[in-house]
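First to last, the protein sequences are chains A and B.
Note that my numbering has the first sequence beginning at 1, numbered continuously upward.
Note that my numbering has the second sequence beginning at 1, numbered continuously upward.
Think of the hints as simulated: they come from the structure by calculation, not from any bench.
There may be inaccurate statements among the hints.
You can't tell identical chains apart in this list, so a pair holds if it fits in one copy or across any two.
[As the list claims (entries may be wrong)] Taking lysine to any residue pairs in the SDA-like style, the calculated list, with each CA pair at most 25 Å apart, reads: (1) K38 to P16; (2) K38 to G63; (3) K38 to A48; (4) K13 to G75; (5) K13 to L171; (6) K38 to E76.
2 protein chains.
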Amino acid sequence: MRHCTACGNTVTKVIPAGDNRLRVVCTACAAVHYENPKLVVGTVPVFAGRILLCRRAIEPRRGFWTLPAGFMELGETLAEAALRETREEALAEVGLGALFSVVDVVDAGQVHVFFAATLAVPEFGAGEETLETRLFSPAEIPWADLAFASNRIALEQHLACSQSGNWQVQLAAAPRTRPG
Amino acid sequence: MRHCTACGNTVTKVIPAGDNRLRVVCTACAAVHYENPKLVVGTVPVFAGRILLCRRAIEPRRGFWTLPAGFMELGETLAEAALRETREEALAEVGLGALFSVVDVVDAGQVHVFFAATLAVPEFGAGEETLETRLFSPAEIPWADLAFASNRIALEQHLACSQSGNWQVQLAAAPRTRPG
């Protein structure tokens with residue numbers, strides 16, 4: 001961020017009065033521009049005990065497998081975002097279950113949220129951002145070829161929750177590569 | 001948003017190629033500026049069966065009672081944000097329990113997340129954004145003087161979860177005043 005969204009002049013980083021951390025502040029109009037983590041929302045779609053994964057057609061991690069998920073938009077609920085992403089990436093209509101997985105992805109400035117979900121019929125396909133979509137039994141999950149750490153965490157938690165019947169959120173964090 | 005953060009020229013709203021919704025796009029350098037919902041994170045701090053609430057010293061809703069909560073910052077986890085906000089607003093150190101309440105606040109472009117929390121000792125106070133802080137038994141909760149709908153929802157859910165022992169997330173939404 002180099003310019004102020006209010007007036008277009010250049011910005012700098014200072015700690016505003018009454019604040020305790022560096023913010024992007026306009027050198028001309030003094031507007032403070034806050035930057036906050038973004039929500040990524042997705043589903044773990046299940047049909048007859050098998051889990052639907054999508055192989056990514058776009059960067060980052062093109063060619064790797066992912067749960068259908070993406071950035072939450074203004075104007076929608078978490079559930080609406082989860083259904084929309086599953087529709088866009090996997091061309092699948094699901095029924096939502098528990099919001100069971102919440103993963104801090106601090107390095108990316110993101111929080112990833114996953115819902116359990118059920119496919120009533122095995123109808124799915126590849127959306128614009130997807131190369132192919134297929135169902136995997138728990139034993140077939142391509143752990144080494146998953147796109148993101150949050151996919152692995154959500155899938156591990158889904159298997160554990162399915163076993164225990166307890167879908168309470170177990171907070172988890174993706175590995176951090178930058179010093180915290 | 002009136003100016004591009006990359007070059008400072010004016011922006012307009014168009015649907016970019018390959019997208020399906022209006023975005024803020026620069027008229028000069030064509031940079032696309034995404035706007036996404038923000039996370040507000042807080043706690044329901046409990047000491048000996050009573051719940052700690054803060055009376056707000058700042059707008060919006062100055063003078064009304066709130067759970068300690070605020071905007072999540074870049075560089076922190078949800079749990080870190082919850083602990084920080086409880087420290088800043090209620091001058092209280094808590095132990096975190098379940099992430100049990102997630103509230104869509106669509107009109108504000110926010111998602112509110114609350115953790116159960118425990119005070120080991122009844123030590124708390126009023127931070128800079130707080131007029132006073134006190135413990136309320138469930139029967140004393142000032143329902144009519146709560147600052148935000150998400151406070152009411154989180155408190156109702158907390159009472160229900162405490163009774164049932166089931167802390168699974170029950171998605172809820174704050175009432176919407178603008179047409180969806």
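Structure-based check of all given hints:
1. Both within a single protomer and between protomers do K38 and P16 lie at most 25 Å apart by alpha-carbon distance, with minima of 23 Å and 21 Å respectively.
2. Only within a single protomer do K38 and G63 lie at most 25 Å apart by alpha-carbon distance; the minimum there is 24 Å, versus 30 Å between protomers.
3. Taking the closest pair of Cα atoms, K38 and A48 never come within 25 Å of each other, the shortest separation being 33 Å inside a single copy and 36 Å across copies.
4. Only between protomers do K13 and G75 lie at most 25 Å apart by alpha-carbon distance; the minimum there is 16 Å, versus 30 Å within a single protomer.
5. Within a single copy, K13 and L171 get their C-alpha atoms no closer than 32 Å, and across copies no closer than 37 Å, so neither meets the 25 Å cut-off.
6. Proximity of K38 to E76 under the C-alpha cut-off of 25 Å is found in both arrangements, the shortest distances being 14 Å within a copy and 12 Å between copies.
Consistency note: the structure conflicts with the earlier hints numbered 3, 5.
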